[in-house]
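> Just so you know, the protein sequences line up as chains A and B, in that order. If you're matching positions, the first sequence starts at 1 in this note's numbering and goes up one per residue. If you're matching positions, the second sequence starts at 1 in this note's numbering and goes up one per residue.
Take these hints with a grain of salt, some might be off.
Here are a few chain B residues that sit away from chain A, every Cβ distance over 10 Å (derived from the structure) [claimed, not checked]:
(1) G19
(2) T49
(3) K62
(4) P100
(5) F189
(6) A266
(7) E438
Across the chosen pairs, the derived CB separations fall in these ranges [stated by the list, open to error]:
(8) B:D447 / A:E138: 24 to 34 Å
(9) A:D411 / B:D447: 35 to 45 Å
(10) B:L304 / A:P94: 54 to 64 Å
(11) B:G439 / A:P299: 49 to 59 Å
Please keep in mind that the hints were generated in silico from the structure rather than gathered at the bench. Yeah, the Cβ is synthetic: ideal placement off N, Cα and C, and Gly gets one too.
Listed below, chain by chain, are the residues.
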Amino acid sequence: MLDVARAAVDAARAAGAGFADARVVAIESESLTVRNQEMEGIDRSSSQGLGIRVLLDGYWGFAATARLGEGEIHRTAELATRIAKAASRLPREPVTLAAVEPATGRYQTPMQQDPFTVPLEEKIALLMEATRRVQAVEGVTFAEGGIDLFRSRSWFASSEGSAIEQTIVHSGAGIDATAIGDGEMQRRSYPNAFRGHIAAAGWEHIAKLGLVEEAERTGAQAVELLSAHECPSEVTTLVLDSGQVELQIHESIGHAVELDRVLGMEEAYAGSSFVTPDDRGRLRFASALVSITADATLPGGLGTFGWDDEGVPAQRFPVIENGVFENFISSRETASVLGLPSTGAMRADGWQSLPLVRMTNISIEPREGTLADIIGDTKDGVFMATNRSWSIDDRRMNFQFGCEIAWRIHDGKLTQMYRNPNYTGITPEFWGRCDAVGGREDWTLWGTPNCGKGQPTQTARVGHGCAPARFRDVQVGVRA
Amino acid sequence: MPGTIGPDEVRRVADAALGIGGADGVEVLFMHSWGGLTRFASSAIHQSTWSEDTDIRVRVVKDGRIGVASANGFTPEESRAAAESAREIAGVAAPDPLFPGLAPPAPIEATDRLDEAIASASPEQRAETVADVVGRCAGLEAAGAYETSAMEMAVANSEGQFAWAPWTLASLSAVAKSQGGGTGFAETFATTLGDVDASGVGERAARKARSSDEPRDLDPGAYTVVLEPAAVSTLVGFMAFIGFGGRALLEGRSCLSGKNGQRVAAPTVSIYDDATSPLTIGSPFDFEGVPRRRVELIRDGIFLDGVYDLRTAKQTGKEPTGHALPAPNPEGPFPLNLFMEPGDATLEEMIAATERGVLVTRFHYSNIVHEVESTITGMTRDGTFAIEDGEIAHPVKNLRFTQSILEALTNTTMIGRETELASEFFFSSSRVPALRIEGFHFTGRSDH
Numbered sequence: 001m002l003d004v005a006r007a008a009v010d011a012a013r014a015a016g017a018g019f020a021d022a023r024v025v026a027i028e029s030e031s032l033t034v035r036n037q038e039m040e041g042i043d044r045s046s047s048q049g050l051g052i053r054v055l056l057d058g059y060w061g062f063a064a065t066a067r068l069g070e071g072e073i074h075r076t077a078e079l080a081t082r083i084a085k086a087a088s089r090l091p092r093e094p095v096t097l098a099a100v101e102p103a104t105g106r107y108q109t110p111m112q113q114d115p116f117t118v119p120l121e122e123k124i125a126l127l128m129e130a131t132r133r134v135q136a137v138e139g140v141t142f143a144e145g146g147i148d149l150f151r152s153r154s155w156f157a158s159s160e161g162s163a164i165e166q167t168i169v170h171s172g173a174g175i176d177a178t179a180i181g182d183g184e185m186q187r188r189s190y191p192n193a194f195r196g197h198i199a200a201a202g203w204e205h206i207a208k209l210g211l212v213e214e215a216e217r218t219g220a221q222a223v224e225l226l227s228a229h230e231c232p233s234e235v236t237t238l239v240l241d242s243g244q245v246e247l248q249i250h251e252s253i254g255h256a257v258e259l260d261r262v263l264g265m266e267e268a269y270a271g272s273s274f275v276t277p278d279d280r281g282r283l284r285f286a287s288a289l290v291s292i293t294a295d296a297t298l299p300g301g302l303g304t305f306g307w308d309d310e311g312v313p314a315q316r317f318p319v320i321e322n323g324v325f326e327n328f329i330s331s332r333e334t335a336s337v338l339g340l341p342s343t344g345a346m347r348a349d350g351w352q353s354l355p356l357v358r359m360t361n362i363s364i365e366p367r368e369g370t371l372a373d374i375i376g377d378t379k380d381g382v383f384m385a386t387n388r389s390w391s392i393d394d395r396r397m398n399f400q401f402g403c404e405i406a407w408r409i410h411d412g413k414l415t416q417m418y419r420n421p422n423y424t425g426i427t428p429e430f431w432g433r434c435d436a437v438g439g440r441e442d443w444t445l446w447g448t449p450n451c452g453k454g455q456p457t458q459t460a461r462v463g464h465g466c467a468p469a470r471f472r473d474v475q476v477g478v479r480a
Numbered sequence: 001m002p003g004t005i006g007p008d009e010v011r012r013v014a015d016a017a018l019g020i021g022g023a024d025g026v027e028v029l030f031m032h033s034w035g036g037l038t039r040f041a042s043s044a045i046h047q048s049t050w051s052e053d054t055d056i057r058v059r060v061v062k063d064g065r066i067g068v069a070s071a072n073g074f075t076p077e078e079s080r081a082a083a084e085s086a087r088e089i090a091g092v093a094a095p096d097p098l099f100p101g102l103a104p105p106a107p108i109e110a111t112d113r114l115d116e117a118i119a120s121a122s123p124e125q126r127a128e129t130v131a132d133v134v135g136r137c138a139g140l141e142a143a144g145a146y147e148t149s150a151m152e153m154a155v156a157n158s159e160g161q162f163a164w165a166p167w168t169l170a171s172l173s174a175v176a177k178s179q180g181g182g183t184g185f186a187e188t189f190a191t192t193l194g195d196v197d198a199s200g201v202g203e204r205a206a207r208k209a210r211s212s213d214e215p216r217d218l219d220p221g222a223y224t225v226v227l228e229p230a231a232v233s234t235l236v237g238f239m240a241f242i243g244f245g246g247r248a249l250l251e252g253r254s255c256l257s258g259k260n261g262q263r264v265a266a267p268t269v270s271i272y273d274d275a276t277s278p279l280t281i282g283s284p285f286d287f288e289g290v291p292r293r294r295v296e297l298i299r300d301g302i303f304l305d306g307v308y309d310l311r312t313a314k315q316t317g318k319e320p321t322g323h324a325l326p327a328p329n330p331e332g333p334f335p336l337n338l339f340m341e342p343g344d345a346t347l348e349e350m351i352a353a354t355e356r357g358v359l360v361t362r363f364h365y366s367n368i369v370h371e372v373e374s375t376i377t378g379m380t381r382d383g384t385f386a387i388e389d390g391e392i393a394h395p396v397k398n399l400r401f402t403q404s405i406l407e408a409l410t411n412t413t414m415i416g417r418e419t420e421l422a423s424e425f426f427f428s429s430s431r432v433p434a435l436r437i438e439g440f441h442f443t444g445r446s447d448h
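Put together the whole structure using the sequences plus the hints.
Structure below.
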């Protein structure tokens with residue numbers, strides 16, 4: 001397949017492109033869902049094709065096809081070049097690319113057991129047993145479990161001489177319980193919401209999740225939530241579990257520091273950012289306790305790879321250091337605007353998609369203590385766990401998140417359970433009030449497999465290493 | 001540029017899957033999409049793409065067990081391979097006691113929704129249209145996207161049903177931005193290329209941006225709002241997710257569960273789903289091959305019923321309405337062509353009738369807060385204005401709303417006479433008017 005990518009690059013150059021790169025991508029996925037001891041579905045999908053990106057006189061063009069015959073490769077390369085020519089209808093500063101050493105090599109997700117070779121019977125049996133235990137809890141209306149497997153093989157070539165082959169494997173699973181009664185519906189998930197915990201790993205990751213062991217607790221909490229009090233509306237101290245810190249980082253930090261957004265390239269759709277190009281090393285984004293790292297080399301992360309989709313090597317670098325904003329996540333084009341090297345974050349969700357600046361693994365650096373330590377150190381406040389809802393404005397300032405469950409913290413102990421908890425804030429104010437971040441012992445590398453961006457919309461798979469954290473003076477319990 | 005593959009060739013490829021043997025039933029869902037999208041930002045084209053893809057999704061039934069497999073090749077061999085993979089899955093899957101069977105043969109109403117000009121639109125044509133939009137935004141920064149897309153879809157099954165339909169859509173959106181912090185949004189959706197009004201989109205976005213310069217703070221609270229159609233489409237679109245699906249209704253997860261025949265909106269509010277209308281886009285049959293029917297959802301403020309696929313129809317003893325999604329589908333049926341009936345008011349009349357309120361162009365990044373209460377939250381964006389004494393007083397910084405949709409529909413006091421089509425993704429659309437709603441809850445604000 002590397003030959004196909006090289007042929008596409010050659011065809012694009014022959015059509016007049018000054019620069020070209022091409023990716024052949026083959027994606028396989030397998031998804032199983034069980035609900036109330038019935039198979040909701042087993043789905044195997046595959047998709048393969050070729051995407052060609054060209055620069056012609058400083059203008060981009062991109063075309064993609066599912067057919068890989070020689071004639072189709074030439075036709076698609078010529079179309080990409082024609083698209084680039086058409087873009088010059090509106091004059092602009094020509095695109096330049098930050099320099100990168102041409103790369104050759106292979107990368108494969110490390111794993112112990114290929115999840116696609118595990119018999120379907122074993123997968124079904126795991127989900128059936130876990131959800132049987134959820135459903136055994138009196139009051140549970142629905143017990144659901146799912147397994148999701150993903151494998152992407154890609155072959156990348158560029159006119160600068162790069163030739164890269166990568167195989168990425170992701171595995172994940174989760175269960176959830178839904179209880180319905182008296183006009184109320186409550187859901188609890190384990191290990192996390194929205195299909196559980198997904199990692200760059202093999203079946204060994206799923207086997208260690210403890211779905212069966214945690215099933216009864218998950219069901220019991222869903223039922224208990226039905227009769228819990230509504231989360232009160234107040235300004236208070238808020239402690240978040242690492243699963244909710246994941247979404248908080250994703251929406252209010254990860255997207256805010258994407259350099260294409262900062263430069264206005266996503267203005268009309270997903271929006272821009274309150275962070276400006278001049279903010280590096282100056283902007284007080286968070287309290288001094290908060291350090292955020294982008295790391296595409298992190299084992300197990302959904303944003304882990306050998307090279308990004310421009311052939312830039314995977315990197316680890318600080319985004320926020322002791323509360324101060326330091327670096328954007330960027331591509332060759334966007335980094336060049338600021339005269340910087342690319343931070344290697346250009347990613348596409350398939351052969352048919354133009355690579356965009358995407359998160360890799362954007363994680364909070366652990367500090368000290370466990371979740372129990374943080375709660376024990378809190379006199380009064382609210383502890384919220386597991387994301388349920390998210391919304392943030394087009395500059396990543398005003399946000400509102402909902403969680404599945406909450407408890408009152410009183411004198412360092414969890415007391416009353418609350419249902420329908422949510423909280424709202426302004427990004428730099430909120431992060432500025434962070435006065436505790438948990439340590440390595442409660443730090444989890446979560447996977448977010450559904451990050452939407454771009455037109456046509458792409459769905460990126462990104463990672464967030466998160467510890468529980470505490471924030472002061474937060475508005476919780478927003479009511480209509 | 002490619003054209004349609006056509007029903008004859010689709011049937012030939014599907015037959016390779018339908019004939020695999022060792023199965024009690026086989027269904028083939030075929031999709032073929034192609035098109036280009038030209039994005040612009042900072043008044044220049046920065047991303048311009050084109051792609052073509054096919055997808056064959058095969059569902060196999062064997063001893064009451066179901067398997068689904070898909071691949072994006074389009075040859076008889078690849079079709080058969082997908083069917084064999086699905087059959088292998090069905091061989092080990094647990095039985096599905098609620099499986100209703102595949103769709104029986106039924107005639108599909110012919111629709112003429114393929115515009116050759118859209119299907120073959122060139123990058124040069126898209127660039128020219130974008131240039132027209134940008135040209136109308138003089139002195140402003142323009143951003144947006146222009147997409148010309150085509151789709152053909154077919155369903156064939158071993159019961160003898162065969163349905164095929166192509167359609168096209170051109171969509172153009174623009175955000176104009178002024179140096180004074182003003183932003184303006186406009187969009188249009190067209191089923192023929194000649195109906196794409198680029199000048200109108202550019203002028204509307206520019207006018208909004210200029211008039212929303214230097215926005216002021218407005219305290220959150222309950223306000224009378226005038227929502228333009230793009231904002232109304234958010235409310236109606238979320239009702240598709242949390243209200244009208246037959247499975248959610250059946251399981252008590254819908255905000256409308258158990259409310260059949262009850263008043264859920266103002267008497268002037270009527271919402272229906274109708275894929276057969278020439279005023280919408282998409283396929284005249286669903287992803288199981290069942291013909292889509294017009295379904296009255298809310299009539300004169302009374303909730304009548306939801307939409308049903310074969311499974312939920314069997315469970316409830318109702319007729320399927322042609323609203324299945326692709327298998328496997330844990331979410332259940334879904335309305336993809338919603339309409340809200342127009343009223344008799346103009347936007348100006350709604351503003352004039354408002355002593356103190358807010359005019360909203362559109363919402364951004366909305367999400368569900370509480371499904372059963374139909375509560376969602378989101379932000380205003382690209383043109384939010386204070387209304388005072390019946391007139392637009394000044395632009396305001398963006399506000400966060402947290403609001404029950406059903407409460408908003410109940411508090412609707414005026415409905416616009418014009419409707420606009422809004423589409424958030426390829427298969428789903430809603431055609432809605434502007435609304436005047438009292439007591440709409442803004443719960444926060446942003447800095448811009």
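> Which of the stated hints cannot be reconciled with the structure, identified by number in ascending sequence?
2 and 8
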